[in-house]
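J.: Chains A and B are the protein sequences, given in the same order. Note that my numbering gives residue 108 to position 25 of the first sequence, counting from 1, and the numbers run on in steps of one. Note that my numbering gives residue 451 to position 368 of the second sequence, counting from 1, and the numbers run on in steps of one.
Check each hint, because a few of them may be wrong.
Ranges between beta-carbon positions, derived for each pair [claimed, not checked]:
1. A:Gly268 <-> B:Pro156: 27 to 35 Å
2. A:Glu280 <-> B:Asp154: 24 to 32 Å
3. B:Val391 <-> A:Pro165: 20 to 28 Å
4. A:Val391 <-> B:Ala320: 55 to 63 Å
5. B:Arg312 <-> A:Glu280: 39 to 47 Å
6. A:Gly214 <-> B:Pro456: 16 to 24 Å
7. B:Glu280 <-> A:Leu142: 48 to 56 Å
8. A:Arg145 <-> B:Ala274: 37 to 45 Å
9. B:Pro156 <-> A:Gly358: 54 to 62 Å
Derived pair list, reagent style EDC-like, types lysine to aspartate or glutamate, alpha-carbon separation capped at 20 Å [unchecked claim]:
10. B:Lys406 <-> B:Asp321
11. B:Lys454 <-> A:Glu211
12. B:Lys460 <-> A:Glu211
For the record, the hints were derived by calculation from the structure and aren't laboratory data. Don't be surprised by glycine CBs; every beta carbon is placed ideally from N, CA and C.
Number of protein chains: 2
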Amino acid sequence: MANLNTKNLLRAVSLSAMMTVVACSPGGKTANPDGGTRPSEEAHTPATTMAETSDELILQARDFMEPIPMDAPAIEGVTSTPELVELGQALFFDPRLSATHSISCASCHYPGLGGADNSPFSAGFHGERGGRNAPTVYNAVFNFVQFWDGRAKDLVEQAGGPLVNPVEMASPQAHVTEQILALPGYSPMFAKAFPGETDPVSLENAQKAIAGFEATLITPNAPFDQFLRGDTNALTADQKAGLTLFIDTGCLTCHSGVNLGGTMYQKFGVFSDPGPVYLPPEDKGRGGVTGNAAEDYFFKVPTLRNIVETAPYFHSGSEPDLKRAVAVMAEVQLGQTLTPEEVDQITAFLGSLTGDQPELVIPQLPISDAKSPPPEK
Amino acid sequence: MANLNTKNLLRAVSLSAMMTVVACSPGGKTANPDGGTRPSEEAHTPATTMAETSDELILQARDFMEPIPMDAPAIEGVTSTPELVELGQALFFDPRLSATHSISCASCHYPGLGGADNSPFSAGFHGERGGRNAPTVYNAVFNFVQFWDGRAKDLVEQAGGPLVNPVEMASPQAHVTEQILALPGYSPMFAKAFPGETDPVSLENAQKAIAGFEATLITPNAPFDQFLRGDTNALTADQKAGLTLFIDTGCLTCHSGVNLGGTMYQKFGVFSDPGPVYLPPEDKGRGGVTGNAAEDYFFKVPTLRNIVETAPYFHSGSEPDLKRAVAVMAEVQLGQTLTPEEVDQITAFLGSLTGDQPELVIPQLPISDAKSPPPEK
Numbered sequence: 084m085a086n087l088n089t090k091n092l093l094r095a096v097s098l099s100a101m102m103t104v105v106a107c108s109p110g111g112k113t114a115n116p117d118g119g120t121r122p123s124e125e126a127h128t129p130a131t132t133m134a135e136t137s138d139e140l141i142l143q144a145r146d147f148m149e150p151i152p153m154d155a156p157a158i159e160g161v162t163s164t165p166e167l168v169e170l171g172q173a174l175f176f177d178p179r180l181s182a183t184h185s186i187s188c189a190s191c192h193y194p195g196l197g198g199a200d201n202s203p204f205s206a207g208f209h210g211e212r213g214g215r216n217a218p219t220v221y222n223a224v225f226n227f228v229q230f231w232d233g234r235a236k237d238l239v240e241q242a243g244g245p246l247v248n249p250v251e252m253a254s255p256q257a258h259v260t261e262q263i264l265a266l267p268g269y270s271p272m273f274a275k276a277f278p279g280e281t282d283p284v285s286l287e288n289a290q291k292a293i294a295g296f297e298a299t300l301i302t303p304n305a306p307f308d309q310f311l312r313g314d315t316n317a318l319t320a321d322q323k324a325g326l327t328l329f330i331d332t333g334c335l336t337c338h339s340g341v342n343l344g345g346t347m348y349q350k351f352g353v354f355s356d357p358g359p360v361y362l363p364p365e366d367k368g369r370g371g372v373t374g375n376a377a378e379d380y381f382f383k384v385p386t387l388r389n390i391v392e393t394a395p396y397f398h399s400g401s402e403p404d405l406k407r408a409v410a411v412m413a414e415v416q417l418g419q420t421l422t423p424e425e426v427d428q429i430t431a432f433l434g435s436l437t438g439d440q441p442e443l444v445i446p447q448l449p450i451s452d453a454k455s456p457p458p459e460k
Numbered sequence: 084m085a086n087l088n089t090k091n092l093l094r095a096v097s098l099s100a101m102m103t104v105v106a107c108s109p110g111g112k113t114a115n116p117d118g119g120t121r122p123s124e125e126a127h128t129p130a131t132t133m134a135e136t137s138d139e140l141i142l143q144a145r146d147f148m149e150p151i152p153m154d155a156p157a158i159e160g161v162t163s164t165p166e167l168v169e170l171g172q173a174l175f176f177d178p179r180l181s182a183t184h185s186i187s188c189a190s191c192h193y194p195g196l197g198g199a200d201n202s203p204f205s206a207g208f209h210g211e212r213g214g215r216n217a218p219t220v221y222n223a224v225f226n227f228v229q230f231w232d233g234r235a236k237d238l239v240e241q242a243g244g245p246l247v248n249p250v251e252m253a254s255p256q257a258h259v260t261e262q263i264l265a266l267p268g269y270s271p272m273f274a275k276a277f278p279g280e281t282d283p284v285s286l287e288n289a290q291k292a293i294a295g296f297e298a299t300l301i302t303p304n305a306p307f308d309q310f311l312r313g314d315t316n317a318l319t320a321d322q323k324a325g326l327t328l329f330i331d332t333g334c335l336t337c338h339s340g341v342n343l344g345g346t347m348y349q350k351f352g353v354f355s356d357p358g359p360v361y362l363p364p365e366d367k368g369r370g371g372v373t374g375n376a377a378e379d380y381f382f383k384v385p386t387l388r389n390i391v392e393t394a395p396y397f398h399s400g401s402e403p404d405l406k407r408a409v410a411v412m413a414e415v416q417l418g419q420t421l422t423p424e425e426v427d428q429i430t431a432f433l434g435s436l437t438g439d440q441p442e443l444v445i446p447q448l449p450i451s452d453a454k455s456p457p458p459e460k
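Can you make the complete structure from the sequences, with help from the hints?
T.: Structure representation (structure tokens):
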């Protein structure tokens with residue numbers, strides 16, 4: 084019955100060892116704060132046996148993956164209330180937080196495009212483009228760290244990044260609070276979102292509110308979630324075959340947990356070099372943050388949730404075709420060449436990861452008045 | 084009783100004569116296709132007498148202005164159906180119709196910011212800025228022509244402009260349909276929106292769908308509309324005083340009809356030169372379109388609907404303060420210096436023009452796939 088052959092088993096152990104190193108790296112935290120299974124501990128247990136029935140497949144999948152909960156999870160340090168979420172939503176959609184008043188969080192993390200923007204690199208300040216693909220905001224709350232290189236420990240910290248990044252929203256740090264204070268409609272919203280604070284309008288509170296709103300952007304109820312919860316008919320035969328391959332080939336070694344990703348860093352190119360198009364040599368990923376050469380080209384394993392919505396793929400946004408992305412991953416991460424049929428089946432399984440997209444009403448934003456500073460030219 | 088004094092009467096007649104010229108100008112159409120009162124015909128009737136009661140004020144206002152209807156009006160040549168509006172909404176919010184895939188119609192005509200963007204000039208392709216303030220999309224369907232200079236006869240024609248304008252969305256004309264065709268999710272939407280057409284995906288149909296959606300972006304039920312419909316308590320005492328001044332001073336000579344504007348062209352600077360900040364000499368407005376020097380510095384009279392939401396003001400976006408804009412208008416258009424109290428009252432009245440803002444759910448857009456062309460760098 085055991086179909087995790089010796090080669091696969093060795094690979095799993097080897098991956099496990101690498102992950103342990105990463106989990107202990109400076110700035111690292113436990114790989115899976117949301118309570119999901121840690122593949123670094125589980126990968127060398129004999130859990131990976133070929134399932135013969137859908138019920139067995141469900142049990143096997145549950146060892147590694149979890150459904151998205153129906154309710155937004157809490158964020159440490161943020162007291163989520165409807166008022167805080169409302170404020171966060173307004174800030175998330177407000178282009179006046181950027182230097183040019185033309186780019187909001189939603190510009191690159193667009194709720195109508197899978198929470199991302201379908202561009203290799205997003206266009207920021209004056210059309211300049213960053214060097215990494217915008218990750219989806221959907222389910223980002225379940226990632227163990229934020230940004231491809233994990234340089235933000237949570238959504239609160241993350242929210243402050245693009246605001247001041249010179250090729251993104253490009254606001255001088257002071258501009259953000261000045262701008263918010265100059266839009267009189269925001270002050271009462273901050274007061275309600277942060278009751279009891281004497282000086283509630285601050286960049287820190289803006290970040291908390293944005294994070295609190297983002298935590299609501301989850302996509303539960305995907306066919307795969309229904310399957311995990313026991314509905315054996317929620318996946319097609321092709322999707323079940325794809326899930327079996329996803330488990331057996333070893334994809335789930337890294338793409339595990341609630342997000343099928345977002346629980347660890349992993350090197351891009353474990354078995355072979357993906358080449359400079361997929362892996363531009365100048366972007367060292369996690370190593371660029373820690374200065375630890377052992378972590379060069381390690382990136383946060385991205386979520387596979389809603390993956391069909393968020394082409395192009397990889398941190399380099401260099402692969403527009405999901406099937407090719409699957410084949411490349413198997414090749415360079417797992418040392419396996421998949422047949423076209425296997426690629427099709429895994430891709431079919433990935434299609435089962437699209438959940439209910441949040442239904443968001445465009446917020447009416449506080450209006451600019453005579454005292455509001457104009458945009459930078 | 085007659086309080087339209089000789090000076091005002093002469094002014095009204097003189098304005099009326101000018102408007103008649105404009106109404107007959109090349110490319111002009113009847114000044115008020117929506118059936119509202121034509122001030123060019125009415126201004127020299129003795130309608131403008133000081134109202135002594137709210138009921139009289141209502142009757143007087145009704146001679147010149149109309150409430151926004153509760154339902155979206157029809158557009159010539161567009162068969163509005165829920166499917167067409169749904170398609171139009173998706174296209175309106177889709178940044179991939181721009182060369183950089185980062186600017187949609189909604190970027191500059193943002194539903195959360197009064198249907199505009201609170202910027203003097205909008206940031207377009209690579210942050211370049213156009214030379215005129217983005218007019219609100221709200222109630223634009225009631226304007227007799229589109230753009231500040233009337234170069235589009237209706238919303239269908241207008242929708243094609245920014246898509247290909249090199250400093251706005253900057254798409255080569257062919258890009259728009261190529262892009263739409265390359266997003267497979269759009270084809271069935273076009274087929275449903277244009278039933279019976281063998282080749283429904285076209286730029287022309289995209290423009291029709293966008294226009295059909297925009298026609299739904301109306302803001303009925305403002306306090307002023309309630310007042311016009313007979314609710315004498317819908318306006319405050321200050322707003323009633325402001326409305327009386329608005330009528331008596333002559334503002335309504337041009338700001339009339341459903342939109343309190345949008346029924347005619349008018350010269351900016353009838354009585355005196357507004358100066359180069361408000362009226363940059365290089366922008367000749369309607370004259371730039373027709374080549375007729377008599378129309379230099381004529382612009383479409385903008386709507387005053389939701390005006391407190393849409394700072395900064397004038398085609399040049401050069402006045403962030405609504406009160407100063409009111410004072411400047413009285414000065415240069417009507418030759419009158421208003422007292423601060425009069426400015427406050429007229430501004431209070433303008434505050435009664437904010438109607439119900441459309442509640443729009445962010446549309447889920449057709450997804451990009453391996454064959455969808457990437458953005459221009």
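J.: Which constraints among the numbered hints does this structure fail? Numbers only, ascending.
T.: Those not satisfied are hints 2 and 11.
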